[in-house]
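Asks: Just need the whole structure built from these sequences, with the hints factored in.
Residue numbering for the sequence shown follows my numbering, starting at 75 and increasing by one per position.
Derived by calculation from the structure, the hints in this document are not laboratory data.
Certain hints may be false.
Said to hold, decoys possible - Pairs of lysine to aspartate or glutamate, EDC-like flavour, derived with a Cα cap of 20 Å: (1) Lys300 / Glu89; (2) Lys156 / Asp142; (3) Lys159 / Asp169; (4) Lys390 / Asp432; (5) Lys193 / Glu203; (6) Lys293 / Glu94; (7) Lys111 / Glu86; (8) Lys441 / Glu344; (9) Lys110 / Asp120; (10) Lys275 / Asp120; (11) Lys116 / Glu105; (12) Lys258 / Asp142.
Unchecked claim - Estimated spans, in silico, between C-beta atoms of each pair: (13) Arg328 / Phe84: 24 to 30 Å; (14) Tyr551 / Arg328: 23 to 29 Å; (15) His287 / Lys559: 56 to 62 Å; (16) Thr549 / Gly148: 44 to 50 Å; (17) Trp558 / Phe201: 18 to 24 Å; (18) Lys451 / Asp288: 31 to 37 Å; (19) Pro524 / Phe329: 29 to 35 Å; (20) Lys429 / Glu508: 40 to 46 Å; (21) Lys110 / Glu394: 55 to 61 Å; (22) Asn472 / His412: 31 to 37 Å; (23) Arg186 / Asn554: 42 to 48 Å; (24) His287 / Glu394: 37 to 43 Å.
Each residue gets a CB set at the ideal place from its N, CA and C atoms; glycine is no exception.
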Amino acid sequence: MEEEIKPFPFSEDLEVIEKEVNGYRIIEVSEPYFRKKFSVFKKIQDELSAIPILERLEVLNKIGQVWDSKLQRGQFDELKRKLAKLTGYSENLIDLEFSFIPILFDKDNIRRNLEFSFKNIEGLHKFVEVDNGEYYRYVPSGPTFIISSGNSLIPPLIPTALSLVTGNMTILKPSLTNYVGVVKVLEIFNDVVENSNVAEKMFKALLVSYFTHDSPVLKYLLREGKLGVINFWGGEPARTEVGKLVYENINHPRFLVNGPLTGIAVIDEENVDDETAWGLAYNIILYDQQLCSSPTSAIFMGSFERASDFASKVAKYLDEIGSEYSMPLKESENVILHNVRRSLQLVGANVFYSKNLDNPWTLVVSKEESALDNVIKYFPQYNIYHRKRFIEIQVVDNIEKVFTEIEKVPLREAFKGVDKVQTIGLAVSRKNLENILERFAQTGVYRIVPLADMFMRSAIEPYDGTILASAFTNTVYYRNKNLWK
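Replies: See the structure below:
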């Protein structure tokens with residue numbers, strides 16, 4: 075039986091086209107529908123952006139509350155199993171991700187984000203005075219078209235929530251792997267609109283549809299659609315292909331890219347304790363290092379012996395934590411992994427690894443130069459997107475080499491396809507922190523956070539250096555006084 079992927083919300087007046095792709099019955103919103111509706115989308119935005127911002131926040135908060143209530147009653151157990159099968163993540167990890175959704179939609183968290191993004195959040199529904207006789211009004215930049223990645227359920231929901239709450243007509247294209255989960259979350263709107271006129275208007279501003287990579291409708295939206303913002307999450311070659319079409323669009327939509335990034339853990343000898351070892355292991359296991367914030371490499375300031383002792387501690391926690399989040403590999407993947415481990419040992423690296431086939435972690439300690447770079451050319455298929463629960467700890471003897479290694483990441487064969495380092499997870503002494511914090515900022519990284527929770531985001535954090543909420547709006551300036559006297 076074919077899996078059906080259809081738009082949400084699905085109604086009789088929705089004009090669609092159908093196709094069959096790899097066992098899926100794909101139902102896409104059609105080009106004629108969009109051509110007729112772009113003028114309507116503008117009216118929807120005007121209505122939504124006139125609603126007081128606190129009322130919009132209440133709607134998102136209610137969605138989070140209803141989701142949490144259903145989650146506690148076990149109503150998403152079947153969805154959990156389905157997503158685990160689609161994504162390859164363990165059910166325990168999907169369960170953890172489900173628990174983050176009420177936090178994502180929490181009105182206080184979103185309000186903090188908006189307050190950090192704008193001088194006065196009331197400017198999202200009226201002109202507000204920001205100085206004597208000078209006013210700001212933040213109007214929607216949309217319609218917004220979000221093309222999201224498939225490595226997690228949360229990333230598509232973050233820009234969608236911010237786009238909606240800032241008053242935009244929001245068109246979301248999830249990935250095939252997370253489509254069913256994203257729609258299930260947004261279906262909560264059906265529970266909220268019954269008693270809320272505001273929720274109904276926000277719901278009217280949402281359209282979710284999958285488009286195949288060669289879809290003529292997708293090309294139309296990018297090249298001709300009357301869009302204000304296109305937010306693309308992903309890497310090559312899709313990024314370049316999408317970009318070329320966007321730059322042909324005579325409507326000149328703002329093109330906002332959240333590209334492929336990664337994380338690095340930085341540790342010194344004074345922090346080779348259980349807390350640091352547990353933190354590194356946990357972030358390796360979580361999402362199998364597929365998040366842009368996941369540590370896919372580590373730099374250790376100190377001796378090779380101390381680094382190896384630390385690796386032994388990490389190995390213990392990789393065994394313990396990983397056993398709770400199973401990740402069995404295919405036979406062909408196990409063969410490649412075995413050959414990579416053997417090759418690393420042959421070039422002199424200290425290699426720790428699991429004997430549990432459901433938790434196949436690998437930890438490599440190399441001195442100065444990366445051992446992985448020496449062997450990866452023989453195993454090009456073992457790239458960063460296929461290296462899961464794998465980390466190399468490079469041992470360096472001075473601080474300057476830490477910055478050099480961070481800046482080298484996008485040039486390394488082992489990190490081919492990665493733009494640069496997004497997140498630095500720190501476990502260093504206060505003395506070292508004072509010496510390196512400013513230098514980290516100059517390397518081009520976007521986040522510097524404690525190693526233990528590299529995966530967590532504060533409500534006020536930018537996204538890859540961009541204040542996302544403000545990117546979905548235009549600031550209109552009004553002055554009622556003469557400056558020239």
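Asks: Starting from the hint list further up, note which numbers the structure goes against and sort them upward.
Replies: 14 and 23
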